[in-house]
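These protein sequences, in sequence, are chains A and B. Residue numbering for the first sequence follows our numbering, starting at 1 and increasing by one per position. Residue numbering for the second sequence follows our numbering, starting at 1 and increasing by one per position.
Keep in mind the hints are simulated off the structure, nothing from the lab. Fair warning: this is a prediction, and the values are worked out from it, not measured in the lab. Every residue, glycine too, gets a C-beta built ideally from N, C-alpha and C. Just so you know, not all the hints are guaranteed correct.
Sample of chain B residues facing chain A (criterion: CB under 8 Å; computed from the structure) [unchecked claim]:
#: 1; residue: Phe150
#: 2; residue: Ala209
#: 3; residue: Ser215
#: 4; residue: Arg268
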Amino acid sequence: MKTTIASLTLALLGAAAHAQDVSALLKAADRFRNGSDVNMQVESLVTLHGIDGSQEKERRYTVFVQAKHQSLVLMQSPAEKGQKVLMLGDDFWLLMPGSQRPMRITPMQKLLGDASTGDIATLSWSEDYTGSVVGEEKCGDAPCLHLTLQASRKSVSYQRIELWLGKTRHEPIKADLYVQSDKLAKQARFVMDKGQTLVTEMVLQDQLSNRKETRIRYVSRQPRTVPDNWLNPMFLARNPSLD
Amino acid sequence: MMLKPMLVVVAGLLAAVAQAQDWSGQLRARVEDKTANSQGPVAAANALLPGFAATPADASALDVELRGQWRWLNAAAALHHEQAGRSSAVVNELYTSGGLGNWQFSAGRKLVSWDVGYAFRPNDVVAQEERRTLLSSQIQGRPLLSAEYFDADTAWSLVWVNPTHRGHERNGDEQALAGRVYRRIGGLDAHGFARWGEHTGASVGTALAWVATESLELHGSVRYARRADALLADTSVTGLARSAPWMDGMRSNITQALIGLSWTGESRISVMAEAWFDGNAASAQEWRNWNARGAQLSGLAGRAPAQALAGNLAWQTRGFGGGSSLQRRNLFLRLSWDHEGWTPALDCLYHPADGGQVWTASLGWQGDRLRLDAGVRRYGGPAHSVLAQLPQRGQAYAAATWAF
Chain A
1 MKTTIASLTL ALLGAAAHAQ DVSALLKAAD RFRNGSDVNM QVESLVTLHG
51 IDGSQEKERR YTVFVQAKHQ SLVLMQSPAE KGQKVLMLGD DFWLLMPGSQ
101 RPMRITPMQK LLGDASTGDI ATLSWSEDYT GSVVGEEKCG DAPCLHLTLQ
151 ASRKSVSYQR IELWLGKTRH EPIKADLYVQ SDKLAKQARF VMDKGQTLVT
201 EMVLQDQLSN RKETRIRYVS RQPRTVPDNW LNPMFLARNP SLD
Chain B
1 MMLKPMLVVV AGLLAAVAQA QDWSGQLRAR VEDKTANSQG PVAAANALLP
51 GFAATPADAS ALDVELRGQW RWLNAAAALH HEQAGRSSAV VNELYTSGGL
101 GNWQFSAGRK LVSWDVGYAF RPNDVVAQEE RRTLLSSQIQ GRPLLSAEYF
151 DADTAWSLVW VNPTHRGHER NGDEQALAGR VYRRIGGLDA HGFARWGEHT
201 GASVGTALAW VATESLELHG SVRYARRADA LLADTSVTGL ARSAPWMDGM
251 RSNITQALIG LSWTGESRIS VMAEAWFDGN AASAQEWRNW NARGAQLSGL
301 AGRAPAQALA GNLAWQTRGF GGGSSLQRRN LFLRLSWDHE GWTPALDCLY
351 HPADGGQVWT ASLGWQGDRL RLDAGVRRYG GPAHSVLAQL PQRGQAYAAA
401 TWAF
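Looking at chain B on its own, in the form it has when it is part of the complex (with noise of 0.2 Å):
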């Protein structure tokens, strides 16, 4: 988007909030030095043909989101301008709500996330938050009409996502019924969860939350799905290939299940700890036969044409985006510490399966209005694990947030 319409959405969100009742907003400055992995297809195929893989770029920009509420109208928008000059508004709710006694309706474009973990939520089935993130921001919210009932201790929601979409989007974004039912027993909350969409049918799950002492959570979730979405490679393919050789595909009688804890003490000191089996992602023979599709195609290297060659390579890459999780087997460990308005934190995502790591640390400082981020993520694991291979090998960020 252009500086002057830029200008124009800019000024109508800010006219829109001043008549809000209700409202609130950030401005954030972040930068992002994201450095590229030397090993891995991508780095291979840019060993071929110098610059013909996209690689993480690095990032210098500025965000505004801007939040309100004018009677039964609510919003949630976001503003973006990168230093490069690339510009975008998005709108991330827009909904209107109302209620009748206990009922509660709403419709329009709205964010509804669901489950109890922090690392990997399986019966998040309308949101599909994103999870692990450096920065916290908004996301964007489903087109969906809900109704929903509460009473003191018990919630009952029945979600119509994506009502105008037709039965062969993937990804979430197919047409579903989406329901939940709540009730808290004392220090126990219990979820119950079940979903319909149009192409993948039915999935139920159930998701259990547990103060155990005064310092001590427990959570799990766990979910069972006839079929899911997946991105499948196709194994048939040796040698180059003319087309990625990859396919949408679907996996059935898929089941997720997470457990984790929460624990905090007196000094301040949190560890969070959780482990989960991914169903839909890909299985670790699924992962050995792209780890020796790789070698195959590196093989090739010096007898094969380098263009074909290093395409062939970059759609190696596909593999990465083709399910919730990398791995099937998941670990995840944080500790943080709270200290006078500042909270240091570091954390490990370890894949058993082929040792692969995400470890990331990060510094925050909260002052009244301002709040000041920075960390630094780092992938990595032995050289044929899947993290390892990623584009990306790591990245620094810094942000400063101001909020209004």
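The shape of chain A in the complex, shown without the other chains (with noise of 0.2 Å):
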């Protein structure tokens, strides 16, 4: 009896902490994505690039990434200016420039669009997602961690990641995006600046349909916290000046 709790509170304790371990991998691996920073204003270029790489469509857009799963894009591109979408845990809003009425919108809805604002928006996984490791891999010559990774939120774009990281740094090199049904929806890798300090670009590969590719550069990235009105949908719709 003696043997079988010891047993079982040694699973425990290694179960709780390979889940710690998982936890501090992500956390680090965030740090690549998003500096040190919880509140932050990030400025995105967005290109899409058909199968031959030639470039379709440009976006830019202003991304503020607040603490507690909360972030507003602003659309800043010509065809787009003046749309907004507001992300607040797992409450979604679309607004329109000639519209002064925020449309909630599903989950599903946020992934519509030239590009899926919750690819923009998101650059923390140790929030949003739980898992465990599976094991050492080969990422080209180098060694790296390989992750399985579960969403502990409904909402968020993708349910399952498979995620590859440095294994020394722990800096994201690769990932596969799952979407609910279990689809493999993207594939991500990701380009680092020359200081190997922070990710500088993600590139997105659609798997679903087209095969087309997606780039997200960050352009610049700076501390910013904003009014707690900015993040209400009905503030937003009077089309305030958010600089």
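Build the complex from these two chains, which are given one at a time in their own frames, with help from the hints.
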């Protein structure tokens, strides 16, 4: 009996330690995507490329990423100017420039449009995913850790992520992104800056339909805490100046 | 407006937006081909006297929309030029806006849109925005003063609409006080509305929007009004009338309600369904009376002076502009697919009372800056249905829009 209890305790402690390891790995990986700040303003340049690599569209976004899963995406390109997407935890709104009525949208509707706002606005895995380390693998010539992650919230764009991190520094290298039905939706790879301190670009290849490529380049990141009322959809509907 | 003044307005607006801190706009070229109906009162009037009643006209036009923000000043303007030579310039919004803590204040001509529906919005009591338009475009705001309070989850709005208008103005142009309270309760948006109009009196309403699952959104609205403006048929008239047998009147104890859903799947196919009751629309009995009068007038052909009869038939069309909906009970269904920049869509508005239908098929394509839209709309149903008797049987359109 004593042996069984001891084995169970050890197993539970082992599992807890393992989960903690994954959490620490994800936090380390997040720091390569968003620096050390929780509240940020990120300027992103998104280009969509055809199968032959030619650029089809260019979109610019300002993203205010705030604590507690809160993000505000401002579309800055001429074709989308004035559009906004507000994400507060599991709740989403779309605001169109010609109308003053914020529209409640579902997590699935968040995926519509030229670039998924979930891809643009989500810079953190540690808050939204739990998982385990599958093992050590080779990513090119370098050793890397393979993690399998499950979403802890239903409203995130991808319910399962297979993630590969550098073994030593835990920088993100590549990821397979699976939607609700467990279909592989996109494959991502991460491009680091010269100093190997921050991810400068995320390259997404569509696996569901067209195999086209979306490149999300993080042009600038700076600490920024926005006022509470900026995260109220009715306030945003007034088309206020958000500088 | 002639070309020279038009150019002056354009130059003035361009100079203004060049000063703006933040501005955007679009240029759109569009063509519309409208098909006149071969049945209904307009067709009957024109059968008696060809060309007597106006039929829908085709259009080729160029539209420019500009929107800018400079310090506390916000402006939105539209310029419109038709191939036929007509031009116009409209200031849709021009207002000043500022804030103090959680309070925001605005004054000027401004668009304020409320409510949660797509095809019907009973609580859109300030702007009364157009719905189910073929091509989206700016709409004109109303003169107003507003004070609003916002925190993280709540919004309070108080709007004094048309503050300089006199009490006898109708159809949303009356002076009114309108208020809205909004509260976010997790996945639920809850709204409460109240309006007091100088001659229509009080109305109250509520609306809810709720994201039920990762694919499904549900919404609903209800509004009760003591009185509402309406165009009413003068049922005492029989035979030929000397003036249009319609009068500006009011309906009392109006209820309007809508329920709807939107669903989007992983395949990016979306479905929207809405059903609504509009107590401010003409009743089934009123439309039966309208049909009976049309039949009575048609029966006078050959026995009454053609001009007088054609005039009476043309007055029948006034019934089409009497309210926010043509029929009280309405069903709407829309299917669309978002696929690599293309959006094909098909929708139908159906009137259960008489079987009338409006079908719209459209295709949109969004490029880097260029957007292309094309589509057709067809009105139909049984011969006695209201929609089958509109002056227009159908419409095809195409547009190219350049964003800058």
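Each hint tested on the structure:
1. Phe150: Holds - the Cβ of B/Phe150 comes within 8 Å of chain A, reaching about 4 Å at its closest.
2. Ala209: 4 Å, holds
3. Ser215: 5 Å, holds
4. Arg268: With a closest approach of 6 Å, the B/Arg268 hint holds.
Going down the numbered hints, you'll see the structure goes against none, and every one checks out.
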